[in-house]
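A.B. asks: Each chain is listed here by its residues.
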Amino acid sequence: MSDLLKYAIELAAVLLLALGIKGLSKVRSARGANQLAAVAMALAVAGLLLNYLSTSGLSLAAWTWIIAGTLVGGVLGAITAQRVPMTSMPETVALFNGCGGMSSLLVALAAALYPAALDATGPVALVSIVVSVFVGSITFTGSIVAMAKLQGWLSTPSWMQSKLRHVVNIALAVAALVGAVEMIRNADSGTGLWLLVVSSSLLGIGVTLPIGGADMPVVISLLNSYSGVAAAAAGFVVGSQLLIVAGAMVGAAGLILTQVMCNGMNRSLISVLFGGALGAGSAAGGGGGEYTNITSCSVEECALTLEAAERVVIVPGYGLAVAQAQHTLREVTRVLETAGIDVAYAIHPVAGRMPGHMNVLLAEADVPYEQLKEMDQINPEFPAADVVLVLGANDVVNPQAKSDPNSPLYGMPVLDVQEARTVFVVKRGMSAGYSGIKNDLFELVNTSMLFGDAKKVLGDLLVELKDLGLGKK
Amino acid sequence: MSDLLKYAIELAAVLLLALGIKGLSKVRSARGANQLAAVAMALAVAGLLLNYLSTSGLSLAAWTWIIAGTLVGGVLGAITAQRVPMTSMPETVALFNGCGGMSSLLVALAAALYPAALDATGPVALVSIVVSVFVGSITFTGSIVAMAKLQGWLSTPSWMQSKLRHVVNIALAVAALVGAVEMIRNADSGTGLWLLVVSSSLLGIGVTLPIGGADMPVVISLLNSYSGVAAAAAGFVVGSQLLIVAGAMVGAAGLILTQVMCNGMNRSLISVLFGGALGAGSAAGGGGGEYTNITSCSVEECALTLEAAERVVIVPGYGLAVAQAQHTLREVTRVLETAGIDVAYAIHPVAGRMPGHMNVLLAEADVPYEQLKEMDQINPEFPAADVVLVLGANDVVNPQAKSDPNSPLYGMPVLDVQEARTVFVVKRGMSAGYSGIKNDLFELVNTSMLFGDAKKVLGDLLVELKDLGLGKK
Amino acid sequence: MFVEFLWVLLLGSLLGFELIGKVPPTLHTPLMSGANAISGITVLAALTAIIKAGDNTALLLLGSVSLGFALFNVIGGFLVTDRMLAMFSRKPARKENR
Amino acid sequence: MFVEFLWVLLLGSLLGFELIGKVPPTLHTPLMSGANAISGITVLAALTAIIKAGDNTALLLLGSVSLGFALFNVIGGFLVTDRMLAMFSRKPARKENR
Ligand SMILES: NC(=O)c1ccc[n+]([C@@H]2O[C@H](COP(=O)([O-])OP(=O)(O)OC[C@H]3O[C@@H](n4cnc5c(N)ncnc54)[C@H](OP(=O)(O)O)[C@@H]3O)[C@@H](O)[C@H]2O)c1
Ligand SMILES: NC(=O)c1ccc[n+]([C@@H]2O[C@H](COP(=O)([O-])OP(=O)(O)OC[C@H]3O[C@@H](n4cnc5c(N)ncnc54)[C@H](OP(=O)(O)O)[C@@H]3O)[C@@H](O)[C@H]2O)c1
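Residue numbers (the numbering used here), protein chains in the order written: chain A, 1 to 473; chain B, 1001 to 1473; chain C, 2001 to 2098; chain D, 3001 to 3098.
Chain A extracted, bound-state conformation (with noise of 0.2 Å):
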């Protein structure tokens, strides 16, 4: 193959990859563009095992380990796409983000320890080689920390949340600084390779660990632009131009996407990363015993409400997606609907734990699209809406977040659905949302609680609605 093809190749993967990345950023594109970008992977494969071919050939060795390691990688990755359910998609993005960070990692380890063979001698390979070390150890324990939380594997000891943390990470981060330093100093003896490896994978456990589980999706889509940045410095290490680009690419677009993220939940990088577990003291002390004024009530009142009413608005939250509810809601409202009853969702942009993620779910239930309405849409709907149906969701619509300045809340954009004539809130008892602080809705006169987990809320409300005789034509 002419080292012109080869370029070309190189060349248009990285067109194709950043077309791609752009077309994510809009609905009517992004499936065409992912797809797009997955053309653009294949192509600089090919590219670079043709290359070889062409010039000093694949030896059967080679062979062998380049399809079982595609195979095992390839295979238990296609099965993991199509088992996992919509409601982990969190945890499987930890997941495949840790796999990439250790990927690069093991590149990394192998230049370090046969620097000859991989031409990944002199100064610049040494300092990108421990790039790819660092970045690569913390993405991979970082994330697989992340993914364990997420799935409620593990929970974060005590002493993570004090401030010995912060001792602890300093001394981890000064150790790996050591380690890095005796490799570029001494490249031939391990020790500093090891202590390197050793302290940042620590380091990755230690500074994920004491984040809130609801802090995750910032956490991931963080070490998502790690990855990328090990990717690039494993560029350095092989050189490579387009695994630098693409890397470069990635590690900045997942920044971006970082801070976006941030600025939709009111939050602060720095508050997410070493602010700790948000309000964990303050949702167990004040979210439960304030309340005065619950007016509480059962399935069977509610289901009366919502035959007498015209007009119904659900609102999903992260208690919903938590209870895998969507399908039995969907069921509610096939009946609500063919009682001639005209039903929307009242979608927040941050409701859940991961933007975007009630779309996804109820999307999978299969909920016409037109009946989604953002938060912008819905917001002047509610006065007349008859019934709004609260399903585990609380911050997104605690009305302090209008009226008190002083509420952490102040100044994040909230549904109104006190606006409208009857309001439920579906949820288990009286503990605070994700922001730990009380929320004034649950006290209004319109307001009733419904005491239970969402799924179950719901199959009983199904039933009572089908004994009043609705959703029979």
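These aren't lab readings, by the way, just hints derived from the structure by calculation.
Worth double-checking, as some hints may not be accurate.
Simulated restraints on C-beta separations [as the list claims (entries may be wrong)]:
#1 Thr121/A <-> Asp1003/B: 12 to 22 Å
#2 Gly122/A <-> Ala2058/C: 19 to 29 Å
#3 Asn186/A <-> Val2003/C: 22 to 32 Å
#4 Ala61/A <-> Thr1121/B: 42 to 52 Å
#5 Thr1338/B <-> Ser403/A: 45 to 55 Å
#6 Val1075/B <-> Leu49/A: 54 to 64 Å
#7 Ser1059/B <-> Val39/A: 46 to 56 Å
Once the Cα atoms are required to be at most 30 Å apart in a straight line, the calculated DSSO-like pairs of lysine-lysine come out as [to be verified]:
#8 Lys1373/B <-> Lys1402/B
#9 Lys1373/B <-> Lys2022/C
#10 Lys1026/B <-> Lys3022/D
#11 Lys1466/B <-> Lys1456/B
#12 Lys472/A <-> Lys373/A
#13 Lys1373/B <-> Lys1026/B
#14 Lys456/A <-> Lys472/A
#15 Lys2022/C <-> Lys3022/D
#16 Lys466/A <-> Lys2022/C
#17 Lys26/A <-> Lys1026/B
Partial list, computed: chain B residues near chain D (C-beta under 10 Å) [claimed, not checked]:
#18 Ile1021
#19 Lys1026
#20 Gln1082
#21 Pro1090
#22 Leu1118
#23 Gly1122
#24 Gly1136
#25 Ser1225
#26 Val1229
#27 Ile1244
#28 Gly1247
#29 Ala1252
#30 Pro1405
#31 Leu1409
From the three backbone atoms N, C-alpha and C, an ideal C-beta is built for every residue, glycine too.
Once you have looked at the hints, place chains B, C and D with the ligands on chain A.
C.D. replies: Showing chains B, C and D with the ligands alone in chain A's frame:
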């Protein structure tokens, strides 16, 4: 100077240039961004000089010629920039742009004539030289022709408006191609080079000359993009990434801007480039005779109506700009304001001959920013206006654009001046505007024509208003 | 060589910053997941390591494991993103059918 | 070398395309004029030609004239853009004073 420092300076310069271009596209940051870009340029020049000073050193001859070139170019540039009136912005930009093209052309010529001295040998350098000569020549002659046409120094010869020009231009393009091939095949022979220079220079003239003066801003923007391409090609010749990146950025940004401008005036790039002077025929034939029911009035009548008004909207157009009447206009509006009359200016995005031109002109005449209303903002306010004063505007107030689907203007957003109680249209005669079509506004019952040069009419109006006792407190 | 690397690093980063402008919150998750798949471009590095390994088994093994991890990331990432986006894209189509 | 040049060319162009998003019509003229000044970056090429010319007078002359043209473009372009933008920037300040 260490290599590292040199590269750091280059990278910093590109970073600043990119930020400059980005900032220039937002009103808030534009001025700072322009200064940032200037700093980046100075940084790049300083870096280059320091690098040579610290390595090979600069000879006395080099210094002399550098200082000579700097003084002449810099001083002339500074004087031109200070002296040129705001109304001549399009011409000025064209002139500057042409000089940029000439500079690339000269560097490429130098490299072609003395390849050894400039290390410009080998196929890559040769192809780059060819591109640089070709694009540089077109940019230079095209820009100069654009400038001359805008200044009114040149008019289009009649054969240039026939289809014949396409034949001539194709012949010139072929000749340029032959020259290019000859240059590459036989680098030492001068024939190819001169054929290329001459034929691409003529091509630049041949392509630009037939284009109507009003389309010129688009052409200038396109030529500006070309000068970026020429700079990038020069970067290949002398082997400078900085030049390549900066040139590529300007080239691409210029292309986007050209497209944006075309969209704004409801025109396609193809029709601008190959359509020739728009409506040249119809303007002469169709513009004049067709009007019936024209009401014309005197300056006195206009002054009396203005005196009785409470709310006056000024609609400035191309005619105001060519008449340079902005300062007189400002005096008139000052008089109206002191009489307690509410004055606003309706700025159509493509009023005039250059986008944003009206804003610059009125800002120059010290019109307060709050009085400049964009189209979307002012259109709902016309029904509440007592008097609308249309000054040398035509197409942008043509109601056909909304009412007649067969009109060439159909779809272009226009100012709804006909909604006002009384409309005065100041223009010299009944000739058509840029698009060459009839304006139904002139025949409406609430429209009165006030014939005369805009500056003269406004001057007379000022006298009349003062005679009526306005403007004195 | 190193300088050229720095150039592409700088330009790639700037490009990355510019490419993402206003992303609607709906797309944050798929964008994150798609970008994550792209970061699996380290497949190229893993492949290079295997190809250059010769008969160094340790290196072959390291490269192969690295390749596996990278491909897990790439294939899984693109597929899962597509799954998510397929759900979105069903909708505009429906809308047009109305 | 050539390949590295192509990389920066590609990335620079992509960056240029992305940098200009929605420009309000008010800014078309200054943006055009400012970008035009930047294209005068050919000063660098002209300087290189002069410095490398040695005692070749023809080359010195060509380089110097090229430098003059380029600087005319650069200095004139930046100054005239600044003049235009100064008129705009007076206004927001006033607006805030109200
Ligand atoms: N979307 C994002 O990207 C994102 C990312 C990170 C953080 N956040 C933040 O998360 C919050 C989202 O607001 P939100 O209103 O959706 O959620 P929320 O404020 O966290 O409230 C969720 C509520 O659901 C209830 N709940 C939990 N499990 C339930 C179950 N199985 N059945 C029924 N109810 C259940 C909880 O009360 P009980 O325990 O009493 O049932 C809780 O009050 C915002 O503050 C946002 O800033 C969003
Ligand atoms: N802004 C841009 O970027 C741009 C660029 C290219 C093209 N255009 C196009 O230009 C047009 C702009 O619309 P417009 O309404 O501003 O201008 P226009 O439609 O071209 O009309 C200008 C009118 O001014 C009159 N006029 C000329 N000189 C005058 C003088 N000294 N005193 C008084 N009146 C004078 C002319 O009529 P008389 O000869 O009868 O006096 C003419 O009808 C649009 O079609 C737009 O698409 C705009």
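A.B. asks: A separate judgement is required for each hint: does it hold in the structure or not?
C.D. replies: Now for the hints, and whether the structure bears them out:
no., hint, in the structure
1, Thr121/A <-> Asp1003/B: 12 to 22 Å, "holds (19 Å)"
2, Gly122/A <-> Ala2058/C: 19 to 29 Å, "holds (22 Å)"
3, Asn186/A <-> Val2003/C: 22 to 32 Å, "holds (27 Å)"
4, Ala61/A <-> Thr1121/B: 42 to 52 Å, "holds (44 Å)"
5, Thr1338/B <-> Ser403/A: 45 to 55 Å, "holds (46 Å)"
6, Val1075/B <-> Leu49/A: 54 to 64 Å, "holds (60 Å)"
7, Ser1059/B <-> Val39/A: 46 to 56 Å, "holds (55 Å)"
8, Lys1373/B <-> Lys1402/B, "holds (20 Å)"
9, Lys1373/B <-> Lys2022/C, "holds (27 Å)"
10, Lys1026/B <-> Lys3022/D, "holds (9 Å)"
11, Lys1466/B <-> Lys1456/B, "holds (16 Å)"
12, Lys472/A <-> Lys373/A, "holds (27 Å)"
13, Lys1373/B <-> Lys1026/B, "holds (18 Å)"
14, Lys456/A <-> Lys472/A, "holds (22 Å)"
15, Lys2022/C <-> Lys3022/D, "holds (12 Å)"
16, Lys466/A <-> Lys2022/C, "violated (44 Å)"
17, Lys26/A <-> Lys1026/B, "holds (22 Å)"
18, Ile1021, "holds (5 Å)"
19, Lys1026, "holds (8 Å)"
20, Gln1082, "holds (7 Å)"
21, Pro1090, "holds (8 Å)"
22, Leu1118, "holds (6 Å)"
23, Gly1122, "holds (9 Å)"
24, Gly1136, "holds (9 Å)"
25, Ser1225, "holds (8 Å)"
26, Val1229, "holds (9 Å)"
27, Ile1244, "holds (5 Å)"
28, Gly1247, "holds (7 Å)"
29, Ala1252, "holds (3 Å)"
30, Pro1405, "violated (25 Å)"
31, Leu1409, "violated (17 Å)"
Comparing the model with each numbered hint stated earlier shows that hints 16, 30 and 31 do not hold.
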